[in-house]
Each structure stands twice: as structure tokens, then as C-alpha cells.
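With the hints as constraints, model all of the structure from the sequences given.
Protein chains in written order, with the UniProt record's numbering: chain A, 1 to 272; chain B, 1 to 322; chain C, 1 to 267.
Keep in mind that the hints are not guaranteed to be accurate.
[Said to hold, decoys possible] Anything over 12 Å on all C-beta distances counts as not near chain C; from chain B, calculated:
#1 N4
#2 S31
#3 F137
[As the list claims (entries may be wrong)] Derived CB-CB ranges, DEER-like:
#4 C:L146 to A:D7: 46 to 54 Å
#5 B:G194 to C:A211: 39 to 47 Å
#6 A:E17 to C:L188: 38 to 46 Å
#7 C:L188 to B:V64: 20 to 28 Å
#8 A:E17 to C:I10: 50 to 58 Å
#9 B:D67 to C:L156: 53 to 61 Å
Just so you know, these hints were derived from the structure itself, not from any lab. Note that the structure is a prediction, hence the values are computed from the model and not measured. Note that beta-carbon positions come from the ideal geometry of N, C-alpha and C, so glycine has one too.
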Amino acid sequence: MNAITIDNLNYGYQEGEPLFQDFQLTVPEGQWLSIVGHNGSGKSTLAKLVLGLLEAQSGDITVFGQELTPASLAAVRAQVGMVFQNPDNQFVGATVADDVAFGLENRQVPSAEMPALIEAALQQVGMADFADREPHTLSGGQKQRVALASVLALKPKVIILDEATAMLDPAGKSAVLATLQELKAKYQDQLTLIMITHDMDEAALADRIVVINDGELALDEKPAALFVQGAALKQLGLDQPFETQLQEALPKAPQQYLSKQELAAWLSTLKA
Amino acid sequence: MAINIEGLTFHYGGAKQSPTILDDINLTIPSGRITAIVGQTGSGKSTLVQNLNALLLPSGGQVVVGDQVITSKTKEKALPAVRAQVGMVFQFPENQLFAATVLEDVMYGPKNFGKTAEEAEELAKKALNRVSLAEEFWQRSPFDLSGGQMRRVALAGVLAMNPKAMVFDEPAAGLDPQGQLELLDLLRSLRTEGKTVVLISHQMDQVLALADQVVVMQDGQVAAVEAPDQLFQRSRQWFLDHSLDLPTPVAFAKDLEEKGYHFDHLPTSVADVAAQIAKQVDWSQVTEPVNVAGADWQSQQASQSSADQVLTSNSRGGDLHE
Amino acid sequence: MNNLVIGQFIPGKAWLYKLDPRTKILVTVAYVFLLVFANQWPAYLLAAAFLGLTLVLTGQSLALYWRGIKPILWLILFTVCLQLLFTGGTPVLWHWSFITITVPGVVNAFYVIVRFVLIVLMSTALTLTTPPTSIASALESLLAPLKAIKVPVAELALMLSIALRFVPLLMGETDKVMKAQKSRGMSLSTGSLWQRSKAVLPLLIPLFIGALQRALDLANAMEVRGFESADNRTRYRVLSFTQADVLATIATIAFTVLFIGTLLIHF
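What follows is the structure in C-alpha cells.
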């Protein structure tokens with residue numbers, strides 16, 4: 001089954017300035033998809049369209065077989081969670097626990113059931129010890145993990161991360177990414193992850209990378225197949241990962257994508 | 001114009017009530033060089049740079065900017081002269097834009113520092129050209145621009161003051177790869193002009209690519225002041241202890257050293273790593289296909305549903321970033 | 001950086017933390033109300049004793065309260081001066097030119113200080129032991145009867161708690177924008193009044209735009225997490241009265257009776 005199907009989508013911020021024209025994209029259930037593109041390529045807009053925060057001029061967006069309409073909006077949002085870029089601007093509660101509770105309160109979960117659900121959600125992102133902390137005492141990375149817990153508590157089938165690590169320092173970034181990997185390993189096909197980013201190292205974690213350029217789907221590949229397309233990436237304002245650049249700069253190398261560890265291992269055989 | 005920091009200590013309010021944030025810092029920030037300040041969040045980097053243009057005054061010790069000495073007793077009246085010399089670009093500087101047009105916003109600094117409207121406009125135009133913001137945007141509201149364009153306007157706002165020293169706090173945060181490259185170029189060109197450039201960054205790849213001197217801060221003290229090729233020679237453990245990453249080429253070289261490779265100098269780029277590896281391998285014994293500039297892997301890959309094959313056929317020889 | 005004690009919440013486990021926030025609000029309101037009527041030293045003494053007990057039950061050090069009072073010392077001094085100068089009567093203690101200081105003036109000034117300090121400390125004890133959201137939800141619960149006359153109590157309470165949540169953020173933002181504009185030569189301390197008010201714009205506009213952007217982002221985040229209206233929600237923090245609240249109520253009633261007693265008896 002497809003988690004999300006986008007069909008003939010048309011959207012523009014202003015009349016006469018279309019961004020998406022007859023845009024198509026299908027995301028199968030359980031996939032980890034990265035959507036990459038330079039700033040202003042339209043990748044974040046796409047996420048907002050899927051969640052009905054923006055309304056398309058025309059076209060269909062279908063989430064688990066259910067078409068997105070004003071009437072189905074609540075049902076669609078019940079299945080799709082989203083973590084936004086700015087850690088401060090999505091923290092609703094006065095404490096970590098209150099923030100996770102916010103979504104549960106909206107869904108009218110009985111008060112007695114909440115503490116266990118909150119605890120479980122915070123456990124999954126490694127923030128259970130911070131339940132009573134106030135947001136301004138947390139680092140950016142911790143806030144984003146709380147945002148992730150707030151989404152997880154609602155048991156969504158799809159989580160969209162809209163540049164969720166862009167404002168974090170390296171330590172915060174790697175903590176968030178490690179959490180995502182744990183979640184994906186735990187839920188496997190039960191969880192579809194869509195990660196919007198322009199960081200190629202981050203995108204490399206996905207099963208599939210879609211490159212968007214000015215509202216057009218420019219490339220759609222597995223990471224290994226995408227990274228070897230250096231010229232194409234450069235033209236789209238994106239970087240090739242270090243390992244691929246190095247591989248191409250060597251006199252001889254295997255003609256397939258190798259991760260840093262794989263490349264180091266291969267090089268060590270030459271030295272033996 | 002060099003900046004000298006002599007015995008600088010800093011705490012908010014009285015020494016008894018609040019913890020010491022900077023503890024006896026001694027440092028020279030040379031002109032015509034890029035000095036990177038690194039360290040984990042809370043190590044005192046931001047407080048240190050705010051002492052450089054007298055946004056914060058030292059609790060003890062002094063900061064010498066050109067011929068001006070800033071101490072705890074420096075009078076409010078003397079501060080603008082310091083700030084005119086040391087420009088400060090905060091993190092996400094686009095959040096400070098306010099004027100009705102881009103041009104007016106960039107003119108704000110020069111006008112405050114005593115330039116006439118004509119002079120300020122001249123300086124503003126120069127600065128906007130320098131950050132490559134097209135003229136068609138100059139009369140628009142800064143709030144109608146994209147995030148990347150707003151960042152350029154904010155940078156121009158400080159450049160237009162033509163300060164002798166410039167401090168950048170995580171200037172590349174949130175920019176896409178293209179935007180980051182342009183920013184690094186701007187910093188290099190400022191160095192070429194002989195400006196004193198200070199860069200706070202978490203990204204060690206940037207530090208390695210740019211800095212002439214790296215200051216490592218930890219718990220309000222200076223843990224190391226070294227040239228990057230010296231600093232990154234230190235052990236992995238040292239970087240772990242200071243919660244710092246290693247630059248990607250350096251980390252990879254250290255991996256290879258454990259596998260028997262030897263690097264006679266610290267590699268600073270992909271090409272550098274490749275060249276040093278190439279010297280150590282007898283390539284005639286290697287059976288893998290030869291990498292030729294322009295060779296196209298895509299043609300040998302089982303093609304996925306690529307929407308744009310044309311883009312991949314260009315030569316690849318020159319496309320490595322420095 | 002932020003040394004303000006008044007209005008701040010400090011997590012703790014002392015007895016006062018266990019009280020229902022509604023009890024604490026009602027007790028504080030009753031206390032402030034009663035103090036207005038205090039006119040003689042026994043009443044003040046009693047009120048001070050009640051406050052002392054309360055402060056002990058917050059489990060916080062008295063030094064903290066002293067820090068809370070310090071920033072408003074000048075305000076207290078100002079009020080005291082007014083009392084000293086403008087209370088007439090006899091006997092006159094000291095006279096010079098148009099300044100006359102009388103004994104009733106001194107007595108009044110003393111009472112003003114005491115009343116002021118008592119009220120400030122009592123409110124501090126409330127906010128120190130009660131998280132802002134709990135205050136908001138307590139107000140929501142206490143004001144619930146107003147729903148009958150179509151006052152959107154739930155919305156107002158949610159707005160209040162979100163506003164409180166953004167206060168530290170906006171303070172940090174103000175500091176940052178202020179420093180950025182100072183770096184670009186902003187000066188708020190020179191020029192005519194008109195120039196000075198105009199000089200604030202580079203500070204206010206970015207703050208306003210930033211707050212607006214935060215509001216939009218927050219609205220999106222709330223919507224995505226299923227927020228539709230403040231009324232159709234369950235609550236994570238359920239307010240419930242416990243034994244502690246019964247005890248507090250008894251203590252407050254006892255205090256009230258004694259207090260009224262001191263007012264009626266003339267010393």
C-alpha cells in the first residue's frame with residue numbers, strides 16, 4: 001500500500017507564479033524517503049501541502065487511500081505527524097511532559113491514560129528523565145527529540161521531518177538522527193519516514209532520495225545511485241558526500257557507491 | 001587591526017552571585033587572518049566575541065581593539081567607536097532586519113556611525129553588490145525576500161559599516177551547500193583585504209578549510225590556540241574530551257592510518273587525501289576499473305527512474321570542492 | 001542572567017508544592033484582601049506570622065526572598081517618602097522649609113513597608129511553588145462559572161499559558177536583537193525624545209516580525225497535532241483537592257478569624 005500519493009499537484013504562492021506543476025510523487029508504506037533540494041526549491045511547501053497547512057490549487061493528495069479534503073483533514077492528520085525546523089516554535093507545553101500531552105489532550109485521550117503514554121513516548125527518544133523540564137533549559141537537539149516524542153505519542157503511520165536538524169549543532173543533529181534510526185529499526189514497515197533536508201550525509205540514511213528543484217522532481221534514486229552523479233548534484237546546488245568525491249579522485253576505484261567504512265576497508269586491502 | 005585580549009574574565013553581575021563565564025583569557029587575534037573559535041555550546045564562545053565589540057564589558061582584564069582599551073570602567077560614550085571598528089554578524093542575522101527597503105536597512109549602520117545619506121547609500125550599494133544581491137531587490141521590503149536573500153542583506157548591513165574586524169557567529173547555519181560555499185568565499189575575500197576575521201563554527205570542515213588559527217574554548221577557558229594543521233594532529237580522544245568533531249578528511253585519514261597508511265601532512269581536502277593515498281599504492285596491481293575524468297558511472301549502473309539523465313553526462317574532472 | 005525572583009517558578013518538593021493551585025490562589029487573594037484592612041500592629045504581626053509559616057513551607061531559602069525584594073526596594077523607598085511627606089497630624093517630629101515629618105507619618109510609612117513586603121512575598125510564594133500552566137488551569141477552573149455568560153474561559157487560559165511559555169523566549173530574542181542593532185550603532189540614550197522614540201523602531205520591528213513568525217509556526221504545530229478548539233480537549237494535569245488542601249483551608253480560616261478578631265479589639 002502507498003502511504004502517500006501525490007497526483008497532478010498544482011500550487012503556487014501567487015497567481016501566475018506556479019511552483020508545482022502537475023507534480024507526481026508516490027511514497028510506499030514503510031519507506032524512508034529523503035526529499036532534498038536547495039533553499040527555496042519547494043521541498044518544505046510540499047510537506048505543508050500534504051498536511052493540509054497549505055491548500056493546493058488543484059490535484060489529489062491521498063494518504064493511505066484517503067483523499068485529502070477539508071472533511072478528511074483531521075483523519076489524515078491523525079496518521080501523519082510532523083516535526084518542524086525551529087525547535088522553539090513548536091514547543092506548546094510549559095514542560096516536556098505537558099508538550100507531549102498537548103496532542104493527546106486534543107485527541108481527547110482520558111487523563112488517566114496519559115502519563116503512561118507520555119512516559120513511553122519520551123522513553124523512545126531518550127528524554128524520559130527530562131519530563132518535568134521547561135523548554136528554555138533544554139538544548140535544541142533535546143527540544144527536537146521532545147517534538148519527535150510529541151508526534152510519536154499520537155502513534156502516526158507517517159512522520160515528516162521538515163529540516164528538523166537544520167538549526168542544531170552537530171551533537172544535537174547526531175542525537176536526533178540516531179533516534180530516528182532506532183525508531184525505524186523498531187517499527188520497520190509500520191513507520192514511513194519522510195525527511196526534508198539539504199544535508200547529504202543525513203539524506204544518505206534513507207532508502208530513497210528525491211531531489212526537488214524549483215518544484216520539479218529532478219532526480220529519484222537510491223542513495224548509492226544518486227551520490228555517484230556528481231555533476232548532476234552540483235548543477236542542482238547540492239553536494240556529493242565526501243566518500244564519493246574521494247573515490248572519484250583516486251586513480252582506480254570500485255565502480256559503485258561505497259560508504260566511508262567500506263571505502264576505508266577496500267583501501268586497506270591495497271596496502272596489505 | 002589586531003585585537004588583544006589580556007587577562008579577560010567575565011561574569012554577569014557580581015562575582016559572588018553568578019558563575020564565571022570567561023576565566024583569564026589571553027589571546028591575540030591577528031589582522032589579515034581568519035581566527036576560528038570552536039567549543040561546545042556553553043563553553044563561552046558567544047560571551048567571548050561579545051567582549052570584542054563591547055556589547056559586554058570585561059569584569060576583569062582588558063580587550064585592546066586597535067588603539068582603544070576596553071575595561072570594566074570604559075564609559076558608554078566610548079563604545080560606538082569600538083563597534084564601528086568591529087562588525088558583528090550574529091547567528092541567523094536575518095532576524096535583525098527592520099527597514100522598509102533593503103537599501104535603507106543596509107544604510108542603517110553607516111548612518112549611525114556618522115556617514116551622510118549619500119555616503120551611506122554608496123557604501124550600502126557596494127555591500128549589496130559584494131553579497132551578490134541583484135539590484136532589482138534593493139528597493140523591495142526585506143521581508144518579501146527568501147531566507148537566503150535576507151541573510152545576504154543582513155551580511156551587507158554589517159559589511160557596509162566597513163569595519164576593520166568582523167565577527168561571524170555560525171554564519172552558514174541553515175544555508176544550503178551553494179550558499180555555504182559563497183559565504184566561505186566572502187570570508188576569504190575579507191581576509192585578503194587584510195581584515196581581522198573571527199568565525200564561530202561547529203563545522204570543523206569549514207574551520208579546516210578557512211581558519212589560520214583555531215581557538216578551542218572549554219568551560220570558559222582557552223583549551224588550545226593552534227593552526228588547524230597542528231590542532232587536528234591531536235588524538236581522537238582529545239577531540240572527544242572537548243566534544244568536538246574532526247573534519248571529514250582528517251577523520252578519514254586517521255582511519256586509514258590505523259590501517260597502515262601514512263600521511264606526511266594533515267590532509268585539508270578530498271584532493272589532498274586522494275593524492276596522499278595514491279602515492280602509497282601500487283596501482284598496477286589493482287584490478288578495479290580505472291577512474292577517468294569524465295567517466296560516467298551512471299551508464300554502468302542499472303538506471304533507476306532518473307528524471308534527468310542529461311545532467312549526468314558532463315565531465316567530472318573539475319567538480320571537486322576545494 | 002535573569003535575577004528576577006518575583007513571578008518565577010522554581011521546582012521543588014516542599015509541602016506547598018503539593019497544594020492544589022486553586023487553593024493557593026484563593027488563599028493568596030484572601031490574604032491580600034484581609035491585609036487591606038490591617039490597621040494596627042497585632043494584625044500585622046499575625047499576618048507576618050502566617051506569611052512566615054507559608055515561606056517555611058515553600059522549602060526555599062530566605063536569601064532567595066531577600067533577592068526577590070531587592071529589585072523593588074526603590075519602589076518601597078519611594079512610597080515611604082510619599083507617606084512621610086504627605087501624612088499630616090501631630091506631633092511634628094521635624095520641620096524644615098516645606099518639609100514636615102510627623103509621628104503618624106512615620107507610623108504610616110512603616111505600615112506601608114510591611115504591607116507591601118507581605119503582599120509581595122505572599123505572591124512570590126504562590127508563583128515560586130506553582131508552575132505558570134497550573135496557575136492558568138487553576139484560573140480556568142475558578143472562572144468556569146463565567147462560561148455561562150459566554151466568556152471563552154478555556155481559550156483565555158490556553159492563551160495565557162502559551163503567552164507565559166513564550167516570555168523567556170521573547171526576552172532572549174530582545175537581548176539578541178538589541179545587541180545586533182547596538183553593533184550597528186543603535187543608540188537609545190542620545191538625541192531628542194522624538195529621535196529616541198524613532199531609534200526604538202529597529203528594535204521593535206524585528207521583535208514584532210519574529211513574534212509573528214513564531215505565532216504562525218506555533219499555530220501550524222498545534223494544528224498538526226490535532227488542535228481544533230480549546231473546549232473539546234481532555235486534560236493531562238487534573239486538579240484535585242487533597243488532604244493538604246483541607247489543612248490549608250482550615251489554617252486560612254483560623255487565620256481569618258483571628259485576624260478579624262484583632263481588628264475588632266482595640267489595643
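Hints versus structure:
| no. | hint | verdict |
| --- | --- | --- |
| 1 | N4 | 20 Å, holds |
| 2 | S31 | 19 Å, holds |
| 3 | F137 | 18 Å, holds |
| 4 | C:L146 to A:D7: 46 to 54 Å | 49 Å, holds |
| 5 | B:G194 to C:A211: 39 to 47 Å | 41 Å, holds |
| 6 | A:E17 to C:L188: 38 to 46 Å | 41 Å, holds |
| 7 | C:L188 to B:V64: 20 to 28 Å | 27 Å, holds |
| 8 | A:E17 to C:I10: 50 to 58 Å | 52 Å, holds |
| 9 | B:D67 to C:L156: 53 to 61 Å | 58 Å, holds |
Every hint, counting from the list given before, is met by this structure.
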